[in-house]
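Engineer: Single-letter residue listing:
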Amino acid sequence: GAVVSQHPSWVICKSGTSVKIECRSLDFQATTMFWYRQFPKQSLMLMATSNEGSKATYEQGVEKDKFLINHASLTLSTLTVTSAHPEDSSFYICSTGGGTEAFFGQGTRLTVV
Amino acid sequence: AQSVAQPEDQVNVAEGNPLTVKCTYSVSGNPYLFWYVQYPNRGLQFLLKYITGDNLVKGSYGFEAEFNKSQTSFHLKKPSALVSDSALYFCAVRDITGYALNFGKGTSLLVTP
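The listed protein sequences correspond, in order, to chains Z and C. So for the first sequence, the numbering used here puts the first residue at 95; every next one is plus one. So for the second sequence, the numbering used here puts the first residue at 1047; every next one is plus one.
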């Protein structure tokens, strides 16, 4: 199956700083990628859909100015958490779209202190 | 909207015994159903999917799932559980608007020696 690499796997940052998470498709071209957020012991919630060469589509309630998504190439989508606060601490996961099967990155554990 | 429900927060099974993790779905049209497994601080690993065809779907690591249209269920099963199967299991359905997935809340499976 497709390989999706997500980096970093964990990050600790100070409140008020920004953090960038990268999601790369290693063996295929991804025109669409999805970003999910998972709180402890909860399910994954779709945050946004990343579209190559165009603006991302955000789910209701997700602040697009806080969670900046860039999909500049067919192999890289990035999520930047701007001015992070402790409530942004969570597990973020990207996945591919298309076809009949989604492939997920390893996830990024973000802790804001 | 396409949705799935996992009625159990946790399932406990003794090693060697059969296991079942329950999932019911609510969709318009034909469902695209998936099972994923998640180990701590890791991304999701694909287990199996139902798109069309045989109601009994065989997947990775000895898991299988039965699609039951009359009961709108897609339960995950394994004939003989292993301690290493202990993880968090998610049922998911493909969203009608695209290729994102809508997840159930997850079921924690604990297999004891």
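Just so you know, these hints were derived from the structure itself, not from any lab. All values derive from a computational prediction rather than experimental measurement. Think of the CB as a built atom: it goes at the ideal place given N, C-alpha and C, for glycine as much as any other residue. Heads up, a few of these hints could be off.
What the hints assert, rightly or not - Cβ-Cβ distance ranges computed for the label pairs, FRET-style:
#1 Asp121/Z x Ser1106/C: 43 to 51 Å
#2 Leu1128/C x Phe133/Z: 22 to 30 Å
#3 Ser1126/C x Val207/Z: 25 to 33 Å
Stated by the list, open to error - Capping the alpha-carbon separation at 25 Å, the derived lysine-lysine pairs in DSS-like fashion look like this:
#4 Lys108/Z x Lys1104/C
#5 Lys114/Z x Lys160/Z
#6 Lys135/Z x Lys160/Z
#7 Lys1104/C x Lys1151/C
#8 Lys1095/C x Lys1151/C
#9 Lys1151/C x Lys135/Z
#10 Lys135/Z x Lys1115/C
#11 Lys114/Z x Lys135/Z
#12 Lys1123/C x Lys1068/C
#13 Lys1104/C x Lys1123/C
#14 Lys1123/C x Lys135/Z
#15 Lys149/Z x Lys135/Z
Unchecked claim - Facing chain Z, from chain C, some residues (calculated, C-beta under 10 Å):
#16 Tyr1107
#17 Lys1123
#18 Pro1125
#19 Arg1140
#20 Ser1154
Engineer: Now tell me, hint by hint, if it's right for this structure.
Structural biologist: These are the hints, each one checked on the structure:
no.	hint	verdict
1	Asp121/Z x Ser1106/C: 43 to 51 Å	19 Å, violated
2	Leu1128/C x Phe133/Z: 22 to 30 Å	28 Å, holds
3	Ser1126/C x Val207/Z: 25 to 33 Å	44 Å, violated
4	Lys108/Z x Lys1104/C	46 Å, violated
5	Lys114/Z x Lys160/Z	12 Å, holds
6	Lys135/Z x Lys160/Z	24 Å, holds
7	Lys1104/C x Lys1151/C	23 Å, holds
8	Lys1095/C x Lys1151/C	18 Å, holds
9	Lys1151/C x Lys135/Z	8 Å, holds
10	Lys135/Z x Lys1115/C	29 Å, violated
11	Lys114/Z x Lys135/Z	24 Å, holds
12	Lys1123/C x Lys1068/C	9 Å, holds
13	Lys1104/C x Lys1123/C	10 Å, holds
14	Lys1123/C x Lys135/Z	22 Å, holds
15	Lys149/Z x Lys135/Z	31 Å, violated
16	Tyr1107	14 Å, violated
17	Lys1123	20 Å, violated
18	Pro1125	24 Å, violated
19	Arg1140	8 Å, holds
20	Ser1154	8 Å, holds
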